[in-house]
Amino acid sequence: MARISLIVIVALLLAGPLFCPFDPIAQDREAASSPPTIHHWLGTDDYGRDLAARFLYGGRWSILTGAAATLLALTLGWIAGGAAGFIGGAADAIIMMVAEWFLAVPWLYLLVAARAAMPLDLSPRVAMLAIILLIAIVNWARPARLVRGLVLTLSRKGYVEAARGFGVPRWKIFVRHILPGTAGLLTAQALLLFPRFVLAEVTLSFLGLGAGEPHPSWGALILPLKQIYLLSDHWWTLLPTLLMLPFFVATAILAQGLEKRYRLSR
Amino acid sequence: MVVVDQLRVSYAGGCVLDSLSFTLRPGDRVGISGASGSGKTTLLTILAGLGNPSAKVSGRAAVAGKVGYIPQEATHSLSPFLRAIDQVAEFAKSRDEAASLLSRLGLDERRRNSFPHQLSGGERQRVLIAQALAMRPSVVLADEPTANLDEAAEASAIAAIDDYLMKSGGALLIASHQESVFARLQCRIHRLTPFTETPLPPAHAAAAELLLRVDRLTKTYCHRDFFLRSRPAVCALAGVSLDIHRGETIALVGPSGSGKTTLARCLARRETWDSGEISPGEVRVQLAQQEPSESLNPRGTIAAALGEAQASPDVLESVGLSATWANRRVTDLSEGQRARVAIARSACAARGGLLILDESLASLDPDSIRAAAGHICELQRESGMACLLITHRADLAQSLAHRILSIREGRLE
Amino acid sequence: MIRRALASLLQIVAISAIAFFLFSVAPGDFYSAERLSPQLHGRSIEQWRAARGLDRPWPVRYARWIESCARGDFGTSLAYGIPVTRLVAPRVVRSAVILFPAWIFGWIVAVCTAAWAARRRDRMLEPAMTILNMSPEVIVVSVLLWIGVALRIPLERAWLPSMGLILAIAPLVFIHAFRAVSEAQSANFVRIAASRGIASRRLWIRFILPAAANPLISLIGPSLAAAIGSSLVIEAMSGWPGLGPLFLEAVQSRDYDVVQAVVVMLGAVLTFTNLAADLILYRLDPRIHLNTDGAH
Numbered sequence: 001m002a003r004i005s006l007i008v009i010v011a012l013l014l015a016g017p018l019f020c021p022f023d024p025i026a027q028d029r030e031a032a033s034s035p036p037t038i039h040h041w042l043g044t045d046d047y048g049r050d051l052a053a054r055f056l057y058g059g060r061w062s063i064l065t066g067a068a069a070t071l072l073a074l075t076l077g078w079i080a081g082g083a084a085g086f087i088g089g090a091a092d093a094i095i096m097m098v099a100e101w102f103l104a105v106p107w108l109y110l111l112v113a114a115r116a117a118m119p120l121d122l123s124p125r126v127a128m129l130a131i132i133l134l135i136a137i138v139n140w141a142r143p144a145r146l147v148r149g150l151v152l153t154l155s156r157k158g159y160v161e162a163a164r165g166f167g168v169p170r171w172k173i174f175v176r177h178i179l180p181g182t183a184g185l186l187t188a189q190a191l192l193l194f195p196r197f198v199l200a201e202v203t204l205s206f207l208g209l210g211a212g213e214p215h216p217s218w219g220a221l222i223l224p225l226k227q228i229y230l231l232s233d234h235w236w237t238l239l240p241t242l243l244m245l246p247f248f249v250a251t252a253i254l255a256q257g258l259e260k261r262y263r264l265s266r
Numbered sequence: 267m268v269v270v271d272q273l274r275v276s277y278a279g280g281c282v283l284d285s286l287s288f289t290l291r292p293g294d295r296v297g298i299s300g301a302s303g304s305g306k307t308t309l310l311t312i313l314a315g316l317g318n319p320s321a322k323v324s325g326r327a328a329v330a331g332k333v334g335y336i337p338q339e340a341t342h343s344l345s346p347f348l349r350a351i352d353q354v355a356e357f358a359k360s361r362d363e364a365a366s367l368l369s370r371l372g373l374d375e376r377r378r379n380s381f382p383h384q385l386s387g388g389e390r391q392r393v394l395i396a397q398a399l400a401m402r403p404s405v406v407l408a409d410e411p412t413a414n415l416d417e418a419a420e421a422s423a424i425a426a427i428d429d430y431l432m433k434s435g436g437a438l439l440i441a442s443h444q445e446s447v448f449a450r451l452q453c454r455i456h457r458l459t460p461f462t463e464t465p466l467p468p469a470h471a472a473a474a475e476l477l478l479r480v481d482r483l484t485k486t487y488c489h490r491d492f493f494l495r496s497r498p499a500v501c502a503l504a505g506v507s508l509d510i511h512r513g514e515t516i517a518l519v520g521p522s523g524s525g526k527t528t529l530a531r532c533l534a535r536r537e538t539w540d541s542g543e544i545s546p547g548e549v550r551v552q553l554a555q556q557e558p559s560e561s562l563n564p565r566g567t568i569a570a571a572l573g574e575a576q577a578s579p580d581v582l583e584s585v586g587l588s589a590t591w592a593n594r595r596v597t598d599l600s601e602g603q604r605a606r607v608a609i610a611r612s613a614c615a616a617r618g619g620l621l622i623l624d625e626s627l628a629s630l631d632p633d634s635i636r637a638a639a640g641h642i643c644e645l646q647r648e649s650g651m652a653c654l655l656i657t658h659r660a661d662l663a664q665s666l667a668h669r670i671l672s673i674r675e676g677r678l679e
Numbered sequence: 680m681i682r683r684a685l686a687s688l689l690q691i692v693a694i695s696a697i698a699f700f701l702f703s704v705a706p707g708d709f710y711s712a713e714r715l716s717p718q719l720h721g722r723s724i725e726q727w728r729a730a731r732g733l734d735r736p737w738p739v740r741y742a743r744w745i746e747s748c749a750r751g752d753f754g755t756s757l758a759y760g761i762p763v764t765r766l767v768a769p770r771v772v773r774s775a776v777i778l779f780p781a782w783i784f785g786w787i788v789a790v791c792t793a794a795w796a797a798r799r800r801d802r803m804l805e806p807a808m809t810i811l812n813m814s815p816e817v818i819v820v821s822v823l824l825w826i827g828v829a830l831r832i833p834l835e836r837a838w839l840p841s842m843g844l845i846l847a848i849a850p851l852v853f854i855h856a857f858r859a860v861s862e863a864q865s866a867n868f869v870r871i872a873a874s875r876g877i878a879s880r881r882l883w884i885r886f887i888l889p890a891a892a893n894p895l896i897s898l899i900g901p902s903l904a905a906a907i908g909s910s911l912v913i914e915a916m917s918g919w920p921g922l923g924p925l926f927l928e929a930v931q932s933r934d935y936d937v938v939q940a941v942v943v944m945l946g947a948v949l950t951f952t953n954l955a956a957d958l959i960l961y962r963l964d965p966r967i968h969l970n971t972d973g974a975h
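Protein chains in written order, with the numbering used here: chain A, 1 to 266; chain B, 267 to 679; chain C, 680 to 975.
Treat the hints as calculated values from the structure; they're not laboratory data.
Okay, the calculated beta carbon distance ranges per label pair:
| # | chain 1 | residue 1 | chain 2 | residue 2 | range |
| --- | --- | --- | --- | --- | --- |
| 1 | C | Tyr741 | A | Pro180 | 42 to 48 Å |
| 2 | C | Arg683 | B | Asp271 | 55 to 61 Å |
| 3 | C | Ala873 | A | Leu152 | 32 to 38 Å |
Which residues of chain A face chain B? A few of them, derived with a C-beta cut under 7 Å, are:
| # | residue |
| --- | --- |
| 4 | Gly158 |
| 5 | Tyr159 |
| 6 | Ala162 |
| 7 | Ala163 |
| 8 | Phe166 |
| 9 | His177 |
| 10 | Pro180 |
The structure displayed is predicted, hence computed values, not measured ones. Backbone N, C-alpha and C fix where the C-beta goes; we use that ideal spot for every residue, glycine too.
Let the sequences and hints guide you as you build the complete structure.
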């Protein structure tokens, strides 16, 4: 159920812009600040931009950023954790110590600080790449620690000990017996991190550190929430925010189910 | 007190207990005997109300009154956060009573104030016995209560249980594989499976040629104290000397924690030792571990598993499987079949050297044991391989081995 | 334990170095952001930079900065022209006033509910809390704002950020507490103690809760980190003049001394929290003395 709805939501956001008759950036001053009509399903903002179009295009942007960041963070964590578990000794101690440092600062603060180190006025494409890179760099540590723990657990398994007893080379054991064992953990982590990273992008955009106006992004759509008193007049500007919820709820349910299954299978 | 009527218990793997009926009246003492896997533990856990939820139970198993259950497995049965005395006092009328019970079972003041992880397996076992007696049950259910105990401790444990039953007039249901325990408690014996010797291939005559000499091996495990200095903690091997000849089978028996597994790991060079010598160094040694079925990667195929040991699929034939099974996935095989494959490939890799079976046969069904033992015998004849069999099962040791050695506290006797 | 404490100190130094390095390699500084400001002319920017030592290579500046930090001087805010300590301290207090009560209250509520739910073997609360845990703070706070507006509750009070924080913390703690208590309940020694007919109260106090406390103590640090992270967004949204808005402002005007000071301070607070949690664990769990002391 959650799986189907998540697929539908993501498909809608990825393909939706194709069917959307409005340009998310085009301004229509005539129809500025209009409540939902047959024409503009979610109404328009102060500049007369169609909110439905901005929701769909923004969603595609946010979700792609989140997905790419998840992929990159997990790859980094997988390499670091795998290397720490495989090499062991001093390399393990150093990698895990650095991971500990990254875990010691609240990641949102670290993310914002890192974003601050970059120029604010980037083109949307560069900003997207920068955000993906930053999210991954700030968040590699937790997956790395989990992967390392799993590598150590797996290397105590009976079949690894047996292979070692038969004189199979270390790297071969690692490739054949240990790496495939991390797949379950990585999938469960991916589903856990994906919504979180989408949210990180949304939060950065919301704080004015994202792609920047006039580029559509979910974070920019939440901006009207800052002027709370406007909301009572322009209630429809809250609609995009409410429409984002199903995505987060669906991923939450799916992630929980997957994590539970993974924990039981161990 | 206890009524069991047409009890039938089955797990996904098969039926464990079938149409079992008996009753216990106050003062009755019944010993349950049976091979491992015959359902002794299942019966006791169901009576104690701790049955495995995945088991299918039909029939009736009812107990009237308080049940004092002594589990077999002592490591996870005690809270790690309470001292021994508190574990018992929680169920006793008073702290003094708990203390006197524990001291009767041979736990001194220092032991009584220790946490479970600081106690040995046998001491934990005695804490569990004290716990069960302290709550003044009307039925005592004991599952191998003396398995980890040395003779003195066993005697005091049996005396404590006997005393309690005399005074309270309670009933006893005890499972054990040592029939001598039943005799000392004056139990009526109820056999779950007919007592038969497992028919095994006869051991052939061993050659006198020396394969491996173990000379005064010692090994002490250390732990680090508060200032990170290492302190000797457990003495696992205290000067073990042993000659192993080609083609022979040696059984090594002893209580848990006596150094059996450490000796095996040292022989297989999976662990270093402090002093002493194992010579010559170039003999092939293979260690088949306790749960042989777990030594196959569940994600792989049989062929891949055999390939690791440079064994050909033909060995499958010699343990009663078909060579065409090589392409099957490991998960398609049953536990017993996996164990056969695992032991067969270890034996192949140990050809001409030493094969160590560390309780590897203990959990197997008789058919699998027969198949594995036959394969090992064949290899011994053919290549002069020696076999070190670590086991707690007397029947296996007697029928498979040329000689039986017992080890206690790191010393061979 | 001594080594553990030393590792914590090293960690704080490392965080400061990372924070410093990040901004040293960053293109542009406060003055390039102020480039267009009418109060500054082309030449005086260079002079300002020289006066603040911004033209030196970064290791020199780092050494100087560490040295002044050790003296308790975290530099001067370029935007406000007052010492960072004087700028940050009142904001920290304002944040802490919200953060700690909400954090503690969230913990109490979460642990009590979790124990209650685990005892009843309730299956509905856990998925609900998971959803709440995953739902973005931004949306939770906006829903709160919406309620506030609808009920005409004045928004200037502290209730909004407090509620937001509690809603951010409690589900996280609940999920872990529920799992810990459920696992403790089905632990072998608890089931055996229960089969011996022990009173339910004693069973909980002596057997279940000590076993469940263990994973929860390791959660103290991460939960505080999560709370601080959430407070950044929540304060920014609800307009609470705490550390979050100051931090964002400093980030946008590239007032690096302030950003660095905040990052290092948070790193230090969390490092010490983790250390304290480890110490508690060391006191409470008798097994640690033997097993893991040498592992660190």
